[in-house]
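**Student:** Spelled out from the first residue to the last, the chains are:
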Amino acid sequence: MEASAIPTAWLAGLSAPGGVLLVVPLILPVVGLLLGLLLGGRRLGPFVFVLLSAGLAAAVVVAAAVVTGGEPMLYQLGGWSPPLGVALKADGLSVVLLLTSAVVTLGVAVYAQRDFRPPGARETRGSLAFWMLLLGVWAGLNTVALGQDLFTLFVALELLTFSAVPLVSLDGRAETLAAALRYLLFALLGSVLYLLGAVLLYGAYGTLDIGLLAVQIAAAHALPPSVLAAAALMTVGLMAKTALVPLHLWLPPAHAGAPPAASAILSALVVKGSFFLLLRIWFDLIPGLLDLPAAQALGVLGAAAILLGNLMALQQARLKLLVAYSTVAQIGYLFLIFPLAGTTSGPTWALSAGTLQVVSHALAKGSLFLAAGLIAKALGHDRIRDLAGVGRVLPITLLASGVAGLSLVGIQPSGGYLVKAALQGAAEAGGTWWWGLVLDAGGLLTAAYLLWFIGHALSGHGPHPATAKAPGRAQELVALALALGSLLLGLLPAQVFELISVGRVPPPEPIATAWAGAFHWGSLAAGLLPLLVVAVLVLAFGPWGGRRRPGPLGWPAVGAAGLGSAVGWLDARLRCWPVAGFSLLALVLTLGVGFAFGARACVT
Amino acid sequence: MSGETLFGLCGAALVGVGLFGVICQPGALRKLIAFNLLGSGVFLLFGVIAKRGGGALAAAGQGADGDPVPQALVITGLVVAFAATAIAIALLRRLAGLNDQGRSEGEPPPASRSRSDGGP
Amino acid sequence: MTSALAVDAVLALLIFGLALWINAARTAYGAALGFMAYGLLLALVWVRLAAVDVALTEVALGAGLTGFLLLGAAARLAPDASFDAVGVSGKGSRFLIALLCAVVAVGLAAVVLVLPDPAPTLAPLVHANLARTGVGNPVTGVLMAHRAVDTLLETLVLIPALIGIWSLSSDPDWGGRPGSLPDLSSNGPLTLLAQVLPPFGILVAIHLVWVGAEDPGGKFQGAAVLAAMWVLVLVAGLGRAPRVTSQASRLLLVLGPLVFVGIGIAGVWLAGAFLAYPEEWAKPLILAIEAALTLSVALVLGLLLAGPPVADGGGVEPRP
Amino acid sequence: MSLTLDLFTVAAVSLGAVFFLAGTLGLLRFPDTLSRLHALTKADNLGLGLVVLGLLPQVASPLGWIGLIAVWLLALLSGATAGQLLAGAVRPPEWARLTAPGPGKDTADD
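Line order of the protein sequences matches chains Y, E, P and F. The first sequence begins at 1 in the working numbering and counts up by one. The second sequence begins at 605 in the working numbering and counts up by one. The third sequence begins at 725 in the working numbering and counts up by one. The fourth sequence begins at 1045 in the working numbering and counts up by one.
Just to be clear, a hint being listed does not mean it is correct.
Label-pair restraints from in silico Cβ distances [claimed, not checked]:
1. F:Ile-1113 x Y:Asp-171: 50 to 60 Å
2. P:Lys-815 x Y:Asp-291: 10 to 20 Å
3. Y:Leu-589 x F:Ser-1122: 41 to 51 Å
4. P:Gly-963 x E:Asp-669: 18 to 28 Å
5. Y:Val-593 x F:Leu-1117: 33 to 43 Å
6. P:Ala-826 x Y:Trp-569: 57 to 67 Å
7. Y:Leu-477 x P:Trp-993: 18 to 28 Å
8. Y:Val-20 x P:Ala-826: 44 to 54 Å
9. P:Val-920 x E:Asp-669: 36 to 46 Å
10. P:Gly-961 x F:Arg-1073: 44 to 54 Å
11. Y:Leu-437 x P:Leu-820: 50 to 60 Å
Dumping the calculated DMTMM-like pairs for lysine to aspartate or glutamate here, alpha-carbon to alpha-carbon at most 25 Å [stated by the list, open to error]:
12. Y:Lys-377 x Y:Glu-71
13. Y:Lys-377 x P:Glu-938
14. F:Lys-1086 x F:Asp-1076
15. P:Lys-1007 x E:Asp-704
16. P:Lys-1007 x P:Asp-895
17. P:Lys-815 x P:Asp-895
None of these hints come from the bench; they were simulated from the model. Each residue gets a CB set at the ideal place from its N, CA and C atoms; glycine is no exception.
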């Protein structure tokens, strides 16, 4: 024990309430933004890479301090204690976001060295804009992870949005500009609703610090109407920024139109920032909401997102749109944890499943978008039907997207599998079998469209892409590394998953033991076989992927074609501005009324 | 029914008008103006809460009337809202410039402008 | 006291009516003009709510600079220029959405009425801790000391916003000067105004920043006045915006936040916490930060108004 | 002494209000932009001047006087410039050559 006593003592010194360690992940991107502007586009790439490596190191040290300390780290900025001052807090949840954003941003930075390095000696528009906006996104994410004050989190969300929107329209085409404008307006609508919620909470309790508010809200035996209204407004505002169906109108064109490195950051991390605040509100600020029936509504929307997103992904003719709709679907999995948090396995179990889904999706989706970018650059287009021969030209890229696909589908030993196993377990424990059904359907459909994409890429027939420009070897390896990271997430030692329950009430059955036995080779084949069979069936029947005529097998193909066009019509309706606005208002009112009745029911 | 409560109701009404404008107004510029109305409604509510909180202190003749923390946050919020408006206006003007560019060169305006923007 | 209540009632009705008129205005140009008047009225409400700092910011930023942006855009855009040609055409759907918005507003009003009237407040706490910040104005104390991280993040938000606007130019234009400002140099009276007003404007801005420590005022208000004066000079053609790649303007852009972060980091050793100020040096440090921030924020606000760079020809339409 | 000052303030401010009313009436009733500009810049500036004059005795410190007068001068300067700008934008082209005199014929433009 002697050898390890010294580092823990050192860490304890750093992690004491006065420990300044928490400020480092905040200062690095801030100073990076300021010095980066002076440095100029030419030397900004390597500078950002060095900064991100230091950021990753700082995140690892913070993680070590939190795990060894066993309790969350607190730091009072300016020496003022809340409610007057603003505090930073690092519990298990924030450490996971810190680590994930550092890893994925570092990967994207390595990938983008080649795309955004100015050819000549002079700085170009893209080279300055991309790197500065990347630092802006990273600064926003670190502040969202560590912030403990609702208004500081609002400013961090705005920093995140203002850095993400110009990333969408970096190539300057009219479609991407329209997508960026729609994204900005809808994200601003979401953050104003969040701010309105924070204002009401301040009006009720006179503070904006999450810890103090949680104590006062828990003390009140019944949730007052102002807290219910604030919860409804903040939840819907953050759902709009997380693009949960039916508020997903801005995501597909924005994420598909952005340059590959930017769309990887947008899909993997930016969308998770606002979801992270949702976790803070539902699990830290007002945990009473989880027992209300309104939590089921979030689960229903998540299930709708899984089905709609996957079915739409099947119909896309372009690869980037397929991956963007896959993001819409995977966000649905995140929202399944709210109904399952009320079951016997307890909120921390569901929270750890949700956090693992954040990490595994960030890695897998980042890798998939990078791979899609490489394919689009090599072939000059990303029409799935003309991807024939890509397997020969870009073997590593295709391997990366295949491995990422395995994690998205949820094949062992990937993180996706652990999430599905945990959610299935929680669903059976709570007796709510239908969530399990949705999970299986989602897995099958994901397998279908990934097989559709990889099948086309591997098929030999079709013109050999003679003019394919070979991408940088490093770019392919980054995509593969992220994909492997997501795949091998399940092999991590079980104690790592205890990290998430630091600072929370431990679940009845410790996560480590439950998930230790989750992975064994025997059940791999059992899990894989039905998946492949059903996926091939879906592909054989449906006219998916823009085929004109339905499949060869008569009436089931016609049915599938009908379903496809119906889903397409529904998505087009949901994604026009007035209907999205209407669903936003309807959600605010239904959640508000749902909370009100739920709160009154559990009081009497 | 003190003055602050009146402004509180006015703030809530502004939020309603702003929400309606953001959703129903055709054209991004009109939506942006409605968004600024919505933002000013939220800040007005924050100001009312600040004024309600400050009464006791002012009565005691010690500090200024009104709670300084929400007032400081509203100032920060106003600057953030201005930055948001600046980005949206720049996007809007660039988009309009490109579309006029497109129309003046005779090529049809990009498909996404004419019909509903459901397509990719 | 009923006369004060009558004034408040008239003001509230006027603002609500003006907001409805802005929504119902026929043209975007009319709506932008209405919004500027709306901003001025709102500043009166802030004075009635005893928040003079916020009234100054609302006038300078809300009515002034935002109005300038909206007016400039409304003048340049074709009336139907919209990213989604599909407005809400159906009368039925418009009414339905209006009904839902009304329900949200009524719910919000009900919550406002239910909120505790002597609202729980931090005013006594701020008043007690104000002496340690060395600053007399409680709002400046909160902005610069108690919640310094909000102000730091907020000045930081302006930099990606500016970079985002600069990124909306086309690649060959990089290195040019921002070109979104109208060129009215041929107009005699405006040139006169641009020669007479700025000196007074600069004096007022400096006064605002200096007095901000003790009475209502502060750096954002001063910076907004400075930015307005600079844009007036640019519009009158008496000066030219710096090139996007000019190192001097970038240094000034970054100076304020760098000073703020530098003093914040120094606070870890000098005063025991990040963004803390040693007791006896608090006021001079805060004033130094405010002075540096005023210059940086004024430049950023001016450049946000000046828009993305265009080719050196100045008035040349940006090529895709 | 203070009674007469208060009386003076009430008289001056109400006179100023009357001028403001006249200016607004002009804005609503006059046919075209140029005459409306005329009404606005003249009446309102005079109204503001009277209001400022009326308020001077109420303000204790001389710094306050300078502040009030500075507000009035700023209003005068910006009002005049804005008036010139608007008039320049609205002025019919034939006036430029000063050959064909006559009132503005563009009554239907605004």
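**Student:** May I ask which of the numbered hints given earlier this structure violates, with the numbers listed in increasing order?
**Tutor:** The structure breaks hints 2, 4, 5, 6, 7, 10, 11, 12, 13, 15, 16 and 17; every other hint is satisfied.
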